[in-house]
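A.B. asks: Line by line, the protein sequences give chains F and W.
With the first letter of the first sequence counted as 1, position 160 gets the number 160 in the working numbering; the numbers rise by one all the way through.
Just add 1000 to the spot in the second sequence (first one is 1) and you have the working numbering.
Because the hints were derived from the structure by calculation, they are not lab data.
Misleading hints may appear alongside valid ones.
[Said to hold, decoys possible] Within a straight-line C-alpha distance of at most 27 Å, the following computed BS3-like cross-link-like pairs (lysine-lysine) qualify:
(1) W:K1090 <-> F:K133
(2) F:K104 <-> W:K1090
(3) F:K84 <-> F:K133
(4) F:K104 <-> W:K1010
(5) W:K1010 <-> W:K1090
(6) W:K1010 <-> F:K232
(7) F:K133 <-> F:K104
(8) F:K84 <-> W:K1090
(9) F:K232 <-> W:K1090
[Stated by the list, open to error] Listed next, the stretches of chain W that the computed footprint assigns to chain F, with coverage defined by at least 3 CB atoms under 8 Å from CB atoms of chain F:
(10) 1113 to 1119
(11) 1239 to 1247
Heads up, the beta-carbon is just placed ideally off N, CA and C, and yes, glycines get one too.
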Amino acid sequence: MPVAELRRVSKRYGAIEALRGIDLRIDRGELVALLGPNGAGKTTAVRILLGLATADSGTATVFGRPPASQEAKLRRGALLQVAKVPETLRVREHIELFSSYYPKPLALSETIAAAGLGGVENRLFGDLSGGQKQRVLFALAICGNPDLLFLDEPTVGLDVQARRALWGHIRAFVARGASVLLTTHHLEEADALANRVAVINHGRIVAEGTPADLKLRTAQTGLEDAFLELVKEDAMEEVA
Amino acid sequence: MTHVYWMEAKCEFLKLLRMRVYSLSTVLFPLMFYCFFGLAMGRSPQPGAVMPMARYLLATYGAFAVVGASLYAFGVGVAVERGLGWLQVKRASPMPRAAYVVAKGAVSLTFGAIVVTMLFTLGAAFGGVRMPLEQWLALGGTLVAGAVPFCALGLAIGNFAGPNSAPATVNMIYMPMAFCAGLWIPLQFLPGALQQAAPFLPTYHFAQLALGVLHAPVQGTIMGHVGALAAFTMIFAGIAWIGDSREQEKAYG
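Excised from the complex, chain F in its bound form:
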C-alpha cells in the first residue's frame, strides 16, 4: 500500500484548472520531489493530500485513509508556506504546543536537535533569522514523529547556507525511515534530496523518474536542462 496517493485527481479554481487528472504515489521510505514552475499545481496537490482542499474528481488517500481524517493527520507532518507565524511565542513553546497534538511525540530535546535549533529554543519566533524560522516550521512538522512528511517549498527565500543546513536536517529525518513529499522549483534541491522526481506543469505530471532517469531521457547533462526540456515539450504538445 502506498503511503500517500493521488489517483486521477482534478481540481479547478474558477477558470483555472490547477490539477488535470494527476496520478502520484509515494511509497514507504521514499523522498519524492514534485518539481515544477510556480503555478504548476504543486501546492494544490499538497493541499489535497493534507485535506485542506478537496478534489473535484479522483481520489486522494494518506495511509489508505481520507487525507482530512484524524488517523491520517496523526501520522503525518507538514511544513507549509506561511506568511506570518505568531511572533511572540518562544521556539520551545511553539514546539511544545505542536507536540501536544500527537500521542507519541519526539522528546523536546530531540526535536530541537533534529531541527538544529539548539541555543535558540528560548528566543521569540519574531527574533529569529529566516533560516531559523524555517527550521522551526520544520521542527513543527517532525515533532510528532510522523511517518510521512510534506515539505511545501521548504527553502524558498533562504540563502545558500541556510538552505544547505535545512537539507541536512531533511536528509537526517529521511534516514529514520520516513517518507517525504517535497515540492520545489529548485532543480538543485530535487536533485540533491529526491529518490524520485515528478515534474508537474499546467496541472499534469509530464515526466517521472529518478533524477538520473530524467537526465538520461532528455540526454542533457544537468537536471535543470532536463527540466526545461520537459516543460518545453509539454508546452509544444499543448499548442498542437
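Knowing the structure of chain F, use the given hints to seat chain W on it.
C.D. replies: Showing chain W alone in chain F's frame:
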C-alpha cells in the same frame, strides 16, 4: 486530550500578553476612559443620576473592556492567522478543530477578567465604590460571561476581514457599538434617537444586565436581555460559519 486544550490556551495567552498592541489596547483604553469619566468627573452624583458615576460606570466600562478583549483577540487574531497562512498549518496538524476557538474564547474571558479586576480596584481605591462581596462577584461574573456573544462577533469579523484591515474593522464596530449603547456615558444622556436604536445592539443588552446587578434602574427584564444576547450569539456564530465555509474553497495556486 484536555492537555491539548490547556496547551493551546496557555500559548494563546502568552502570545497575546506579549503582543503590546493587544495588551495595551485591551487594558489601557478601558482603564483610561474609566479614570476620565468615572473617577475624575464622577465622584459625586450627577443631577438626575441615581448613583455615583464611579459606581455606575464600573458596570459599563467593565462591559466595554470585556467586549474589547474579545473583539481584538478573535477579530484581529483570526483575521491575521487565517489570512497569513498560520491557520492552514494548524488545520493540517492533528489539533482538535475546536481547540483553536475554545482557546481563544478562554483567553478572551481571562483577559476580560483581568481588566475587570483592575477596574474594580480603581473603583474601590479611587472612586469610593463600596458594595457587598456578593455584588462585586455577581458583577464580575456577569461581565466576564458577557464576553461570549462578542467572541462570536469577533470570530465573524475574523472570518471575513483581511489581515491588514482587521484592526480598523474591529474599531469601526467596537467604538460606535460601545458609545451608542451607553458604555461610555450613560444612555439617558444620549440623544433620543440613539436611545431608541440601542436595543438593536448586543452591547446595550450586556450593559443593562451588568447595571441590573448594581440595582440601577434598567429597561426590560433580565431574561429578555439574556435571550437577546443568546440570539446575537447565534447570529454571529452563523455569520462566522458562513465565512469559514467560504474560506475553505478559496482559490489557491
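A.B. asks: Would you mind confirming whether the straight-line C-alpha gap from K1010 of chain W to K1090 of chain W stays at or under 27 Å?
C.D. replies: At roughly 16 Å apart (the allowed maximum being 27 Å), K1090 of chain W and K1010 of chain W satisfy the hint.
A.B. asks: Are K133 of chain F and K104 of chain F close enough, with their CA atoms no more than 27 Å apart?
C.D. replies: Since the Cα atoms of K133 of chain F and K104 of chain F sit roughly 24 Å apart, the hinted pair holds (cutoff 27 Å).
A.B. asks: Given the hinted pair K84 of chain F and K1090 of chain W, is their Cα-Cα distance within 27 Å?
C.D. replies: Between K84 of chain F and K1090 of chain W the Cα gap is close to 13 Å, so the pair holds against 27 Å.
A.B. asks: Could you grab the alpha-carbon distance between K232 of chain F and K1090 of chain W and see if it respects the 27 Å cut-off?
C.D. replies: violated (38 Å)
A.B. asks: Measure nothing beyond the straight line between the CA atoms of K1010 of chain W and K232 of chain F; if it is 27 Å or shorter, mark the hint as holding.
C.D. replies: violated (52 Å)
A.B. asks: Hey, K104 of chain F versus K1090 of chain W, does the alpha-carbon distance stay inside 27 Å?
C.D. replies: holds (18 Å)
A.B. asks: Are the Cα atoms of K104 of chain F and K1010 of chain W separated by 27 Å or less?
C.D. replies: holds (21 Å)
A.B. asks: Are three or more residues of the segment 1239 to 1247 of chain W within 8 Å, CB to CB, of chain F?
C.D. replies: Coverage by chain F is violated for the segment 1239 to 1247 of chain W (0 residues, Cβ < 8 Å).
A.B. asks: For the pair supplied as a hint, K84 of chain F and K133 of chain F, is the alpha-carbon distance within the 27 Å limit?
C.D. replies: Given pair K84 of chain F, K133 of chain F holds - Cα atoms ~10 Å apart, limit 27 Å.
A.B. asks: Please verify the coverage claim for the segment 1113 to 1119 of chain W: does it have three or more residues whose C-beta sits within 8 Å of some C-beta in chain F?
C.D. replies: violated (count 0)
A.B. asks: Do the alpha carbons of K1090 of chain W and K133 of chain F lie within 27 Å of each other, as the hint requires?
C.D. replies: holds (16 Å)
Of the numbered hints given earlier, the model fails hints 6, 9, 10 and 11; all others are met.
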